[in-house]
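**Q** Sequence:
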Amino acid sequence: MEWVELDARGLSCPLPVLKARKRLRKLAPGSRLLVLATDPKAPRDFVHFCESSGHRLVRSEEEAGIYRILLERADDGR
Numbered sequence: 006m007e008w009v010e011l012d013a014r015g016l017s018c019p020l021p022v023l024k025a026r027k028r029l030r031k032l033a034p035g036s037r038l039l040v041l042a043t044d045p046k047a048p049r050d051f052v053h054f055c056e057s058s059g060h061r062l063v064r065s066e067e068e069a070g071i072y073r074i075l076l077e078r079a080d081d082g083r
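Each residue of the sequence shown is one higher than the one before, starting from 6 at the first, in the working numbering.
Hints are computed from structural coordinates only; laboratory data are not their basis. Careful, some of the hints might be misleading.
Derived DSBU-like pairs: lysine-lysine, alpha-carbon spacing no greater than 30 Å straight-line [unchecked claim]:
#, residue 1, residue 2
1, K31, K46
2, K24, K46
3, K46, K27
Beta-carbon label-pair distances, calculated as ranges [stated by the list, open to error]:
#, residue 1, residue 2, range
4, L32, A69, 23 to 29 Å
5, L16, V63, 17 to 23 Å
6, A69, V9, 21 to 27 Å
Only a predicted model underlies this, so the values are computations on that prediction, with no experimental measurement involved. Built from N, CA and C at the ideal position, the CB exists for glycine as well.
Taking the hints into account, I'd like the entire structure generated from these sequences.
**A** Okay, structure coming up:
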C-alpha cells in the first residue's frame, strides 16, 4: 500500500503531531501517512494522538535517530 510522506525532522513536539493532523484531514479515509521525525518524544505523542483521534498507528520504528511513524486515516472524518 502506498502512502504520503510528511517530513517533520528537526521539529520539536508537538509540531510533528500538529502537522500530521493537518495533513491527515486532507487524505481520504484509509489513506496512510508516513511521518519522519527526529524528536525522541514523537513515538509516544503519536500513540496518544491515535488513541484520542481514532486514527491507526500502523507502525513506529527508529533507525539512526530518525523515527518512521506510519499512520492510517480513520473513516470517521477526524
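**Q** Taking the CB of A69 and the CB of V9, does the distance hold inside 21 to 27 Å?
**A** holds (22 Å)
**Q** Run the distance test for K31 versus K46: straight-line Cα separation, threshold 30 Å.
**A** holds (25 Å)
**Q** Taken at face value, is the distance from the CA of K27 to the CA of K46 at most 30 Å?
**A** The given pair, whose Cα atoms are some 19 Å apart, holds under the 30 Å limit.
**Q** If you check the beta carbons of L16 and V63, does the distance land in 17 to 23 Å?
**A** holds (21 Å)
**Q** Could you say whether the range 23 to 29 Å given as a hint is met by the Cβ separation of L32 and A69?
**A** holds (27 Å)
**Q** Given the hinted pair K24 and K46, is their alpha-carbon gap at most 30 Å?
**A** holds (15 Å)
Checked against the numbered hints given earlier, the structure satisfies every one of them.
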